[in-house]
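Protein chains: 2
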Amino acid sequence: MSTSATAPSLALDDVLVGSVTLNQWIESIPQRHERGDQLIELSQTDLHKLVNTAGTENMGYLLDRLVPADAARVAVSLEPGVLVQVLESAAPDTAASVLRVLSAQSMTDALDRLEHEPGNGAARAQALRNIISWPKDSAGGHMTTSFWTAAATMTVAELLEAIRQQRDNSDSDNVYITGADSKLEGVVTLRDLVLADGATLVRNLITPDVPMVSPTTPAEDVVAILNASPVHEVPVVANAVIIGVVTQTDVVDIIEEEDTEDAERQGGSEPLDLPYLQASPAHLWRKRIVWLLVLFAAEMYTSNVLQSFESVLEETVALTFFIPLLIGTGGNTGTQITTSLVRAMATGEVRLRQIGRVISKEMTTAAMISVVMAAAALGRAWMLGVGQEVGIVVSLTIVAIIMWAALVASILPPLIKKLRLDPAVVSGPMITTLVDGTGLVIYFLIAKWILDLH
Amino acid sequence: MSTSATAPSLALDDVLVGSVTLNQWIESIPQRHERGDQLIELSQTDLHKLVNTAGTENMGYLLDRLVPADAARVAVSLEPGVLVQVLESAAPDTAASVLRVLSAQSMTDALDRLEHEPGNGAARAQALRNIISWPKDSAGGHMTTSFWTAAATMTVAELLEAIRQQRDNSDSDNVYITGADSKLEGVVTLRDLVLADGATLVRNLITPDVPMVSPTTPAEDVVAILNASPVHEVPVVANAVIIGVVTQTDVVDIIEEEDTEDAERQGGSEPLDLPYLQASPAHLWRKRIVWLLVLFAAEMYTSNVLQSFESVLEETVALTFFIPLLIGTGGNTGTQITTSLVRAMATGEVRLRQIGRVISKEMTTAAMISVVMAAAALGRAWMLGVGQEVGIVVSLTIVAIIMWAALVASILPPLIKKLRLDPAVVSGPMITTLVDGTGLVIYFLIAKWILDLH
Chain A
2 MSTSATAPSL ALDDVLVGSV TLNQWIESIP QRHERGDQLI ELSQTDLHKL VNTAGTENMG
62 YLLDRLVPAD AARVAVSLEP GVLVQVLESA APDTAASVLR VLSAQSMTDA LDRLEHEPGN
122 GAARAQALRN IISWPKDSAG GHMTTSFWTA AATMTVAELL EAIRQQRDNS DSDNVYITGA
182 DSKLEGVVTL RDLVLADGAT LVRNLITPDV PMVSPTTPAE DVVAILNASP VHEVPVVANA
242 VIIGVVTQTD VVDIIEEEDT EDAERQGGSE PLDLPYLQAS PAHLWRKRIV WLLVLFAAEM
302 YTSNVLQSFE SVLEETVALT FFIPLLIGTG GNTGTQITTS LVRAMATGEV RLRQIGRVIS
362 KEMTTAAMIS VVMAAAALGR AWMLGVGQEV GIVVSLTIVA IIMWAALVAS ILPPLIKKLR
422 LDPAVVSGPM ITTLVDGTGL VIYFLIAKWI LDLH
Chain B
2 MSTSATAPSL ALDDVLVGSV TLNQWIESIP QRHERGDQLI ELSQTDLHKL VNTAGTENMG
62 YLLDRLVPAD AARVAVSLEP GVLVQVLESA APDTAASVLR VLSAQSMTDA LDRLEHEPGN
122 GAARAQALRN IISWPKDSAG GHMTTSFWTA AATMTVAELL EAIRQQRDNS DSDNVYITGA
182 DSKLEGVVTL RDLVLADGAT LVRNLITPDV PMVSPTTPAE DVVAILNASP VHEVPVVANA
242 VIIGVVTQTD VVDIIEEEDT EDAERQGGSE PLDLPYLQAS PAHLWRKRIV WLLVLFAAEM
302 YTSNVLQSFE SVLEETVALT FFIPLLIGTG GNTGTQITTS LVRAMATGEV RLRQIGRVIS
362 KEMTTAAMIS VVMAAAALGR AWMLGVGQEV GIVVSLTIVA IIMWAALVAS ILPPLIKKLR
422 LDPAVVSGPM ITTLVDGTGL VIYFLIAKWI LDLH
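Taken in order, these protein sequences are the chains called A and B.
When we follow this note's numbering, the leftmost residue of the first sequence carries the number 2, and every step to the right adds one.
When we follow this note's numbering, the leftmost residue of the second sequence carries the number 2, and every step to the right adds one.
FYI, nobody ran anything at the bench for these hints, they're computed from the structure.
A quick note: this is a predicted structure, and the numbers were derived from the prediction, not measured.
Mixed in with the good hints there might be a few duds.
All copies of an identical chain are treated as equivalent in the list; a pair is satisfied when it fits inside any one copy or across any two copies.
Okay, derived cross-link-like pairs now, DSSO-like style, lysine-lysine, Cα gap no bigger than 30 Å in a straight line [as the list claims (entries may be wrong)]:
| no. | residue 1 | residue 2 |
| --- | --- | --- |
| 1 | Lys418 | Lys50 |
| 2 | Lys288 | Lys137 |
| 3 | Lys288 | Lys418 |
| 4 | Lys288 | Lys419 |
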């Protein structure tokens with residue numbers, strides 16, 4: 002055994018010449034993305050050499066140890082005949098994510114070839130057709146079809162004999178117990194199995210009340226449901242028959258995907274749906290331009306506000322100096338709140354009925370924050386030498402803008418959720434835009450009042 | 002078995018009167034946060050009633066099925082004697098997270114009482130002292146101490162007999178193989194064990210090259226290392242002796258914590274380090290005010306910029322109308338980029354040496370975006386009737402600001418990483434602030450040039 006953190010990385014070139022095995026190279030590079038990058042940089046010739054040296058079975062093992070997008074990129078560079086053999090030895094969920102990125106024609110070809118592979122080919126082709134028939138972000142799209150089944154009427158010894166005879170190894174740490182009509186009756190964990198006596202009836206080891214999901218259950222709901230389960234994976238059933246299992250490894254992938262999507266929404270963009278480095282400028286442009294134009298249109302009315310207060314601005318040009326500072330601070334306050342709140346709603350920590358607590362907490366915090374910021378604003382006005390009255394206007398405005406931003410930022414995410422949309426669309430840029438124009442109105446109304454302008 | 006998504010939630014009141022068991026209630030509420038909320042809302046009297054009805058062992062099982070922060074809040078309301086019994090039946094990592102929130106005195110008391118509990122108390126107290134001696138965000142702070150060990154010289158049948166005699170049940174899906182001097186020699190998965198013949202030597206089943214971590218390894222590094230491992234959990238070793246295991250369940254918790262921290266940093270705030278609903282206004286104030294003041298100070302120079310171009314503003318007041326629109330668009334462009342990039346760096350997808358690719362990709366995208374936005378800006382200027390020349394100034398400025406924001410937003414996260422800081426501190430508010438003042442300088446320089454002002 003070795004402590005990965007300190008072991009040096011091996012070179013892929015050494016695998017090509019055969020002085021290091023593919024598995025040793027995999028273990029020497031702890032980051033999945035790093036492995037993918039090195040593989041993608043291989044020339045077509047070197048990739049062929051790698052397949053010849055390592056063998057298709059080890060290539061399947063390798064694809065399982067890449068992020069799905071990288072596995073797909075490496076796989077599409079393989080010759081069709083080789084690809085099929087690699088897909089056969091990769092985990093079903095890895096193979097499915099590779100198939101998803103192929104053209105419709107290549108996918109059909111690959112599945113047809115796989116169908117006619119000797120041994121396990123036909124069964125594997127059917128399993129893959131099943132997985133890819135479900136949406137990518139559903140339980141069906143993330144499940145593995147390699148799992149063990151047994152009957153409740155068996156003894157533990159009989160069950161162990163039965164799973165030893167099932168072809169595929171299992172990706173799951175449970176044995177799924179099915180009845181006469183193939184219906185799922187329960188789950189036995191491997192942990193309970195190894196502790197039981199061989200003569201024990203399997204029926205007596207079944208973990209009660211294990212949740213199940215349907216293949217169309219959204220992937221993010223699967224994560225929430227697993228949190229409730231005494232076992233760490235969830236069976237996917239259709240018509241009461243088990244067709245797959247979402248394992249803990251899949252859950253980690255789902256959480257990372259969901260969190261990436263939320264982060265991108267929070268940055269005021271559509272989710273990229275692609276790994277960042279694989280997104281072309283045209284793809285990035287498409288995902289970003291829509292929100293930029295929406296926000297531009299929403300921000301346009303700041304010009305109308307400024308135009309309508311033109312006489313105020315002409316009378317006291319000094320008011321202009323504070324525009325970016327005031328609306329910037331409002332945007333920052335709102336962004337802080339909305340970010341915490343959206344994340345707390347995404348993890349399930351804050352729910353709709355707690356909105357009252359959220360608003361009162363945020364308004365109290367905003368009041369405390371505004372005291373400090375008002376002092377800072379007064380100091381800043383004094384430094385610029387714009388006179389006491391403008392200083393008072395700026396201070397009062399910053400208090401009002403902070404309270405207003407806090408209200409908008411704490412109401413909007415629950416409101417969006419209430420409309421059954423994803424609260425993550427309430428981004429920092431959206432809050433900033435909303436606060437900019439309204440903040441200017443607040444500013445000029447306070448200015449007119451204090452400075453007695455018309 | 003039941004499909005959780007459709008089963009109705011049971012009421013905690015029914016558990017109190019004994020018509021529903023605590024486990025049935027747990028299973029009926031899939032969201033861990035929801036369970037925690039209901040428990041925290043119980044009166045002190047009802048909580049005592051719950052302990053009496055359910056028993057301390059089931060209360061331990063319950064705490065394992067809450068988020069750690071909620072488990073801690075429920076636990077601190079228990080009487081010291083009851084608390085100790087509950088801690089004894091909860092998983093060691095749950096018990097440790099409860100102990101961490103107690104006062105130093107209460108923690109010492111609880112551990113002393115536990116030490117003298119009959120049966121397993123002394124061993125458990127020692128295990129807990131071990132876990133809490135490590136930092137909260139380290140491998141040691143997240144590990145469980147319930148795992149099975151066996152010797153490589155055993156047969157599979159002997160190993161199974163040995164683990165049946167180990168007191169604690171295991172939280173792990175592996176058996177850890179130790180040598181004569183207690184040194185960790187390898188790992189056997191339960192999956193391999195159940196497939197093996199009873200007479201097989203354990204030595205022949207060991208999974209080679211399993212990574213290990215030290216108790217001080219940062220929790221986020223553990224996640225990266227696990228991605229490389231053929232098993233799904235990682236042993237924690239000190240002086241080559243195994244002292245704990247970070248399991249996949251812990252990994253899910255670590256990922257969610259890390260992603261929450263990053264989200265909060267990205268919103269221009271310090272990480273809250275507490276569940277949102279449990280953070281008091283004073284706590285929120287502390288975590289937010291520092292960045293707000295830093296950003297305020299950085300934004301202050303926008304006033305100097307505006308003051309120094311006072312003559313330009315007086316000559317052409319119409320230029321003022323576009324200030325929020327122009328700097329707002331710059332901020333939005335920068336926020337989109339920095340959010341995608343920081344997330345891609347957090348998942349390990351983009352690394353420092355790929356910075357060249359990132360910048361060229363972002364500059365190309367920004368050029369494509371600026372064409373559309375320039376047209377939008379020209380249209381907006383025409384709508385406001387500010388004259389053709391101002392329209393040209395605004396259009397040119399938006400192109401320049403978008404390119405500038407893209408450059409700043411794509412260089413800053415890698416630069417911060419290079420300084421060995423967390424790139425997540427490069428938040429939308431930070432980019433917005435940086436682009437605001439510099440964007441104004443760009444604006445007025447273009448205005449002076451096109452409008453021939455002085």
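Evaluation of the provided hints:
1. Lys418 x Lys50: This pair counts as neither: shortest intra-copy Cα distance 52 Å, inter-copy 36 Å.
2. Lys288 x Lys137: For lysine 288 and lysine 137, only the intra-copy Cα distance (19 Å) is at most 30 Å; the inter-copy one is 38 Å.
3. Lys288 x Lys418: Both: 22 Å inside a copy, 26 Å across copies.
4. Lys288 x Lys419: Intra 25 Å, inter 28 Å, cutoff 30 Å: intra and inter.
Consistency note: the structure conflicts with earlier hint 1 alone.
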